[in-house]
Structures are given as C-alpha cells and as structure tokens.
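Here the structure of chain A is known, so what remains is to put chains B and C in place on it, guided by the hints.
The chain contents come next:
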Amino acid sequence: MTRRPLPRSWFVAAALLPLVLLLAYVALRAGPLAPVEVTVAPVRSSALAPALFGIGTVEARHRHRIGPTLAGRLASVEVDVGDAVARGQVVARLDPLDLDDRIRAAASAIDRLRAERLQAQSRARTARSQADRFETLRQRQLVAEDAAQARREDAAAAEASLAALAAERARLQAELDALRSQRQNLALVSPIDGLVISRLADAGTPLVAGQAALDIMATDGAWVHARFDQATAIGLARGLPAEVTLRSAPGTVLPARVARIEPVADAVTEELLAKIAFEPSLATPPPIGELAQVTVRLAALPATQVIDNASIFHGEGKTGVWRIVDGDLAWTPVELGRTDLDGGVQVLEGLAEGDSVVLHAAGPLRPGGKVTVVDHLAGRQP
Amino acid sequence: MAEAVPGGIVVEGLRKRYGHGDTAVDALRGVDMRVAPGEVVGLVGPSGSGKTTLLKCLGAVIEPTAGRMTIGDRLTYDGRWKIRDLRALRRDLIGFVFQAPYLIPFLDVTDNVALLPMLAGVPNAEARRRALELLDALQVSHRAKAMPSQLSGGEQQRVAIARGLVNRPPVILADEPTAPLDSERALAVIRILNAMAAQFQTAIIVVTHDEKIIPTFRRIYHIRDGVTHEEAGEGRLPPPA
Amino acid sequence: MISLAGRDILHAWGKFVFTGVGLGLLIGVTLTMAGVYRGMVDDARVLLDNSGADLWVVQQDTLGPYAEPSSIADDAWRSVRLLPGVAEAANISYLTMQVAHDGRDFRALVTGIADGGPGTPGWPLRLVAGRHLTRGHYEVVADEASGLSLGDRVRIRRIDYRVVGLTRRMVSSGGDPMLFVAFRDAQQAQFQKDNDALLAQRRRTAQDPAFDRPGAYGLRDAVIASQASSHQANAVLVRVEAGTAPAELAERIRRWTHLGVHDRTQMDAILVGKLIATSSRQIGMFLVILAVVSAAVVAFIIYTLTMGKVREIAVLKLIGTRDRTIAGMILQQAIALGLIGFAVGKIVATFWGPHFPKYVLLLPQDALAGLGAVVVICTLSSLVAIHAALKVDPAEAIGG
Chain A
416 MTRRPLPRSW FVAAALLPLV LLLAYVALRA GPLAPVEVTV APVRSSALAP ALFGIGTVEA
476 RHRHRIGPTL AGRLASVEVD VGDAVARGQV VARLDPLDLD DRIRAAASAI DRLRAERLQA
536 QSRARTARSQ ADRFETLRQR QLVAEDAAQA RREDAAAAEA SLAALAAERA RLQAELDALR
596 SQRQNLALVS PIDGLVISRL ADAGTPLVAG QAALDIMATD GAWVHARFDQ ATAIGLARGL
656 PAEVTLRSAP GTVLPARVAR IEPVADAVTE ELLAKIAFEP SLATPPPIGE LAQVTVRLAA
716 LPATQVIDNA SIFHGEGKTG VWRIVDGDLA WTPVELGRTD LDGGVQVLEG LAEGDSVVLH
776 AAGPLRPGGK VTVVDHLAGR QP
Chain B
-4 MAEAVPGGIV VEGLRKRYGH GDTAVDALRG VDMRVAPGEV VGLVGPSGSG KTTLLKCLGA
56 VIEPTAGRMT IGDRLTYDGR WKIRDLRALR RDLIGFVFQA PYLIPFLDVT DNVALLPMLA
116 GVPNAEARRR ALELLDALQV SHRAKAMPSQ LSGGEQQRVA IARGLVNRPP VILADEPTAP
176 LDSERALAVI RILNAMAAQF QTAIIVVTHD EKIIPTFRRI YHIRDGVTHE EAGEGRLPPP
236 A
Chain C
1495 MISLAGRDIL HAWGKFVFTG VGLGLLIGVT LTMAGVYRGM VDDARVLLDN SGADLWVVQQ
1555 DTLGPYAEPS SIADDAWRSV RLLPGVAEAA NISYLTMQVA HDGRDFRALV TGIADGGPGT
1615 PGWPLRLVAG RHLTRGHYEV VADEASGLSL GDRVRIRRID YRVVGLTRRM VSSGGDPMLF
1675 VAFRDAQQAQ FQKDNDALLA QRRRTAQDPA FDRPGAYGLR DAVIASQASS HQANAVLVRV
1735 EAGTAPAELA ERIRRWTHLG VHDRTQMDAI LVGKLIATSS RQIGMFLVIL AVVSAAVVAF
1795 IIYTLTMGKV REIAVLKLIG TRDRTIAGMI LQQAIALGLI GFAVGKIVAT FWGPHFPKYV
1855 LLLPQDALAG LGAVVVICTL SSLVAIHAAL KVDPAEAIGG
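Chains as they are written, first to last, in the numbering used here: chain A, 416 to 797; chain B, -4 to 236; chain C, 1495 to 1894.
Treat the hints with care, as some may be off.
Once the Cα atoms are required to be at most 27 Å apart in a straight line, the calculated BS3-like pairs of lysine-lysine come out as [what the hints assert, rightly or not]:
no., chain 1, residue 1, chain 2, residue 2
1, C, LYS1885, C, LYS1768
2, B, LYS140, C, LYS1885
3, B, LYS77, C, LYS1885
4, A, LYS733, A, LYS785
5, C, LYS1885, C, LYS1509
To be clear, the hints were calculated from the coordinates, so they are not data collected in a lab. Being a predicted model, the structure only gives us computed values, none of them experimental.
So that you can see chain A by itself, here it is in the shape it has in the complex (with noise of 0.2 Å):
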C-alpha cells in the first residue's frame, strides 16, 4: 500500500487558519476592547526656569506733537517724516499773516495815546494853575469858599485823568511787546534730538492753538506696550530681561528689558501691562504700532519635582496623573505649582522621583483600565 498523502482536510484546514487568526486579532486587538496605548515619562527632579510671555505693540516712549500757541497759519515745514532732528532746530515756520499789521496798529494806538496826554497835560496845568488863582483870592476873599473849591477838584480830575492815559500807555506797551515776542516765536523748534514721525500738516494750513503739525520721537524712545495675562504672569518685575520678537522679523530676537509695569492694569482683558525697552537701543526704531511678541526670563527656581503638562489629567473634579503602578493604571491627584514655557510643571506635592506617569493616552482611562505602554503612539489606529 502506497503511503497516503495527507488528507485534503489538512491543507483546507491551514487556509482556514489564518482567516481565523485575523479574526481573534481584530476581535482582540482592535475595536473598543482593545487595550489603551499609552506613553510615560518619569518624574524628573528639575529646577525649572519659568518665563512669561505676552504681545504688544511698538510705541514711542515720548511724543512730542509740535505745534503753534496760538492760532496761525504753517508758512513752511522744513522737515519730512524720517528726519532726524537736532534739538533748538527750526522745523517749522509760522505766516506772520496780520501779525505786523497788529504790531503798526498797536504802535500808533500808542502815537494816538501821546498827542491825547500832551493835551490832559496841558489841560491839567491850566487847571492847577487856576486853582492856585483861586486859592490865592481866597484867601484875600475876593472869591467864595466854594469857587476855590470847585477850581480845586478841576485840578484833581485833570491830573487824574493825566495819570489814567499814563497807565493806558504802559498797557499799550505791553501789548506791543507782546506782539512783537510773538513776532520772534514764529519758528517751531525741536525740544529734543531725535526724528520725526509723522507730519499732520502742510505749508499753508491753518492750525489753532495746540494742534500739533508735527510728532517727534526720540531716536532710542521706541519700546513695546506688552500685555500679559494676569492669571500666568506671576513674578512680573522691573528690571527682569525679556526678548522681543518683532512680527515683520521672525528669526531674529532683541534683547530688551522689562522697564516699568503699569500702576493701571487693564480689568476688561484682565492683563498686566508693562513697558519693555530695547537694551541695547536699536539703531533704528521699529515703526510705531508695529505688533511684537515679549518673553521675559524669570530667575530659575529651586530644583522640584517636574512632570510635562501632557501628564496633567482631570478626575473626581481634581486635577492628577495617572501613575502606572505595576503595570496598571492608578490615578493620584497632585499639588501643582509653577510652569514654564515649554510645558514643564513643577509638581508640589503627590508624586516622587522616578515614578511612572501617563504621558500621552491614544483613548481615554480608566482607573484599573489595561494598557499598553509603548514608545510613541503610531499614527491612526483601527
């Protein structure tokens, strides 16, 4: 007898086999019954340096808006935006416009005022010389008490009135001067050293009292108006170092430091605010309104326990980690106390050195859950 080959049903059996492996794999492995994949990280002993960030603009630390005192008219503007400026320089000059007429109206108001005193004048010294007339037959009494009486207080008004036009004079004078100063301010000058920026108004214009035709920055007096959220920006001082990203140039930092907070934080967006200015000054101020991105560095602090904050889970209304004790899931809330920048926590009270915690979860957990802890979660799962 030949020796038989194996029966057909073996070979049927072994294409089955497969099918039915598949089948338990994605009945097990896939699907809701599957085990939780999951990442840990130990927790590391760390002295953490924190840093705070925020955004703001670029402003002028100073602006000064030059403009007239008084009302007038720009004869010419000698400077364009971007100038730079020396201090006491003419930037721009005033229309005299009716001032000279004034000035003539005012001398001769003074002319008309000196011909109407040389007539109180003699006027006044007839009447003193009539009153001693009179004040003389009085006394041999020729005339009665009341003639001399009334020769005497003609006296009295014609020198008053001498004094009055006196005093007008002195006023008029005064007025004068005034104008002819005034004469002399027609020139807008530049209080500091530093650049123009923006022109509000041209040759011609008309401006009242306190317009301003021109603003004036210094050259080193952009800074950034930085906003920090109130709940994160603990530890916020003067005088601590900060790095300002402006948004035009991305790649490149500018050390600066924190230069004041504001006493007046801002209620409706809860945000602290503060000044950062460039330390060294720029060579060339960004623009004004410009928006920029700060990081101030705070001073590190003492070395705690850290866990990244991808571990930070909430549960049982508490915040906590999930410890992986022997192989299985146990949920520990913990005290958590400053962050920095890049996600690392400092971790108070709770957890020790070295334990295991949850980094990254691909589905949600559950105390006594199962999981599968791997290296780094792959892409989409079945």
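Showing chains B and C alone in chain A's frame:
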C-alpha cells in the same frame, strides 16, 4: 463473510393504477415474479410496458395499488406497506445499480460505497472495511482513494455495483446497467453481477433491452401491458476474453 | 457517519471559498455602513465628552453652542462661577472655518479655550503627542485628523500658529478636526474682519461727521478701535461640584443669569436628535436596505448552490439517506458559508475602516449582531433550499 439474508424476492399479483375513474391507467395488472437468492434474471419489455413502474414498486419508490411483495423473507407489501420507513426499507433490503453510476462526486470511492452502511448506523471504520472488501472483490480497490471523476466509466460502474452490494441486501435492482457500454464491457458487468450474486446469495433483477446481454440470462421475465411472462433464457455467458 | 457537508466543501473548496469571500465583501460593506452610522453618532457624543463639562451655558433660547449660534458676553462666566454648586466655569468659543497649511486649506473647528491650564473645562482631555498650550497666544493643539504634525505652522485668519500638541478623536459633530487655541486668539479670529473690510469700515466712520467734531480730538480713532474688537464668547462650560444635581444647578443658573443652560442629556438630544438626525437617518435607511439586499443575495446563493446538487440529493434519497441528514448537510453548508463570509467581512471592515474620511466605529455588539443575523439568514435561506431539496423525487434517479 456474513451470509446473505435468505429468501430472494417474491412478487404476487402486483397492481398499480394511476389516477381515478374514467381517466385511470392500469400500469401493472397483476405481476408475478420470483427470484431466488443467487439468481440473476432479466426483466425485458418495451417502453410503456410498465417496466419502469414495476421497478419503482419493487424499489419501494412508489406505492402499488394491490398485491404482495416479500423481500428476503420479509413481507414488505400486502395492500399497504408493512414497513413504515421506506427509506430504511430501501437502505436495508434493496440495492440499486443504475444506468449511470450516480456516484456522489464529493466522496471518494471508498466513502461512496461505505456511505450506505454508515447511514445504517455502522461505525465508520467497519463500514469502510466492508466497502474495501467489495471493492477488492470487484477488482477496483486500487482506486479506493480516488474521486469518482478520476475513474473510467467501467471503474465507476463497478464502484456503483459495490455500493449496491455493500449492505448485503437480499435484492439488487439493476436498471439498464449496460446501456452505455460496449459489448466487452457490458459482458464484464454481467459477469460481475453473476459472481456477486453467487458470492453473496443476492437475487438480482436486471432491467434491460440491451441485446448484447439478454442471452446471458437463464430466466427472463417479459413484461407487456402490465403483465409478466416468464421465459427460459439462453444462459450463455461467455468467459472473459 | 461522515460529514456530507464537510466532504462537499472539501471537494469544491475553491468555489466555496470564492463564494465566501464574495459574501464576505458584501457583509463587510454592511458592517462598515453600520460603523459609519455609529461613527456619526460617536462624533457627536465625543464632542460632548471632550468638552469636559456637565452644563453648557449659552445665549437664552438658543440650542447652542453646537447646533445654533450662541453669543454671550465674555465676562458672563464670572457671574456663573460665583453661584453655589459650580466647581469650575470657563469661556469657550467655537468657529468652523477654513485654515491654511502648506498650500492647502482644510475645514477645522477652531476652539478657543480659557486660561487655566490642563484640566480646565474645554481643554483637550488627553494628548497623543507634544504638550498643552503654555503661551497665551499663537500656539495651537491640533487633532490628528487635520494631518498636521508637531512644529507645523497653521494660518488662521492673519496669524500663524505653531502646533505644539496633537490629540486623537477630538472632532466636531461633523467630523472636522478641532484646533485648540487661546480664547483671546479665537475671539480675534472669530470677529476679526479682513483688511479690506476694515479699511472700508474706517472710511465710513471717518466720513461720519458725528465723529469728527473739532472739540473732541481722538473720538473718531476711539470709535474705529472699538469696532475692531470683540468681547463675546459662544458658551460657558460648567463643571458641577460633587453632590450637586446638574439639573438643579442648571435651573439656578437660568434664574440668576437669564442665560440658557443645557445639561448633558439635553445636549445629547440636541446633537443626536437634531443636529445629526437627518444624516444619521439617511445612513440608517441605507444600512437597512443594504442588510436586506445582503440577506437576499446570501439566500439566493445558498439556494443556487443547493439546486445545483439536485441529482446527488435524489441519489442520496434513493439509496436511503434520511431527510434529516440531507437537510443537515444543506444547513451546515449554508452556515459554514455564512461564517466564512462573516469572518472575511469583519476582517476587511476592520482594515479598511480607518481609511474612510470620517470615523468608522465598529462595535463588538454590532459584530455579534451581524454574526447572529448572518447565521439566521443562512438558516432561513437554507430552509427554502431544503424544502426544495426534499421535494426532489428519488424516482428521478431511476430513468423513465
């Protein structure tokens, strides 16, 4: 080897009427047949003679209208069936050999034959043993593990005969077993049937109109118009060439 | 007794497996469609879960913030926070918008989350990579479904945000990935107009003589500045203190703040019952039709397979096989076919599911229900075939 059940087959006054009243047709009008164990008889008749109806009654496939049938000493019909489970009757008392082998294509040769004892409750190993015995006797055991499609026509026919015999039925009904075969092979089949009949004491009725094998029968039943006439045959079975 | 069904399968195993695979693909499609339906409902539910809230405080008489626009003052959260029973309250804003990355743009739900660190309502519940937001501006935590990686830059309105963390399954009810940014950034994105619109508005304001009085220097600039800012939120997310009933707290909030409040059950009903109702009904109907068609195909295949064996069945009956045995053979084959089909379908659905653009959720109970349905359908369809088989006349085996 077990003894065949004694008795052969005895048919008395078998009638079969199809339909009722005026449209009734009497296919069988009183058929008498007697075949002894070990005998091979021919049943010959033209189409429409009731030959097929008689075969179906003998095979317990249809119910006759009247008469008696005894198979292997068991009364199977005397106006009504004496055995409730006709399928069991067929399985235990009658073996079939058809014009075409009608082997089950998805069973191998051994299992095709062993299926019958298995259906009767015989354990698989014993059933296969019996099957192999018969296959051996029919000289086709070397094909025991082959599938029917791999066999030649003659081999298939021999397997079919083995299947007919495996339950040691007292009667075998062979319906045109040689029709598709040439004379050489036809005579070979008849030789096998005779050998098996002798060996197992089975009564074999061969329904045929094949001129090549009619001379081989010692007794022939002619059937015409629903009635049979017995006749002596030539009984001339030439030895194998 | 040998297994007739088994032998038949072994003999024609190629045809059988081929048919099984074909059925399997059909079953796989049906299972996947059920998964699409579940995925849609899950998208809606997961949005509620991910917010980490017990109550949603919204504009009065709106179904917001997901189903309807809702706009409340961004300092309303303070009044809510002060009420007894409130453990935590935080602003949140949602806006579905197109965001740009690397030349392409995609739809995302930009979610503004209030300050407070991980664990605050609205913050992502878990990350699969990177870290949470630490800076108050210009950072984003994105969902994987966006296709973004850590370090990528995404442009939302005019500003570039850097991806610092990734999440999984944090999507809108429509399946759009969520992008978590600081609340103030989101406010700006939601209400900031583009430059042309801003300039047009400035022009209009400048021409309005009311704002240009000579005595009120700076009035016009102040008006322009106020038009460009916004102090709104879409909702306040509330976590309830342990021991307080959410429904009771909701009523308290409604009474004292005159804002609308929805609890988890109501939000569920709003999202699933209203927001995704039409789409899910659409898918549901299609699922039913698909199941019916699959059932019909399975039935037809089993019937055809059986009818192809008529002659063997006749011979079997003739040689004495019990009806029961023949019926069993047909039934076993039908169920075996169904099981192979189911296995193929389940495996195929599991492997092609993740490649669909929206979430496909294959639940074990659906698979089991599918298995049960397949077995029932195979059984029923084989009954039809068995009935036909048993009517086969063994006499046919005996030629006329």
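We went through each hint and held it up to the structure:
A threshold of 27 Å between alpha carbons decides the hint, and for LYS1885/C with LYS1768/C the separation of about 54 Å lies outside it, so the pair is violated. Among the hinted pairs, LYS140/B with LYS1885/C is inconsistent with the structure: their alpha-carbon atoms are about 32 Å apart, more than 27 Å. Pair hint LYS77/B plus LYS1885/C holds up; C-alpha atoms about 23 Å apart against a cutoff of 27 Å. Distance check on the hinted pair: LYS733/A and LYS785/A sit about 22 Å apart at the alpha-carbon level, within 27 Å; holds.
Between LYS1885/C and LYS1509/C, the direct Cα distance comes to roughly 26 Å. Compliance with the 27 Å bound is thereby established for this hinted pair.
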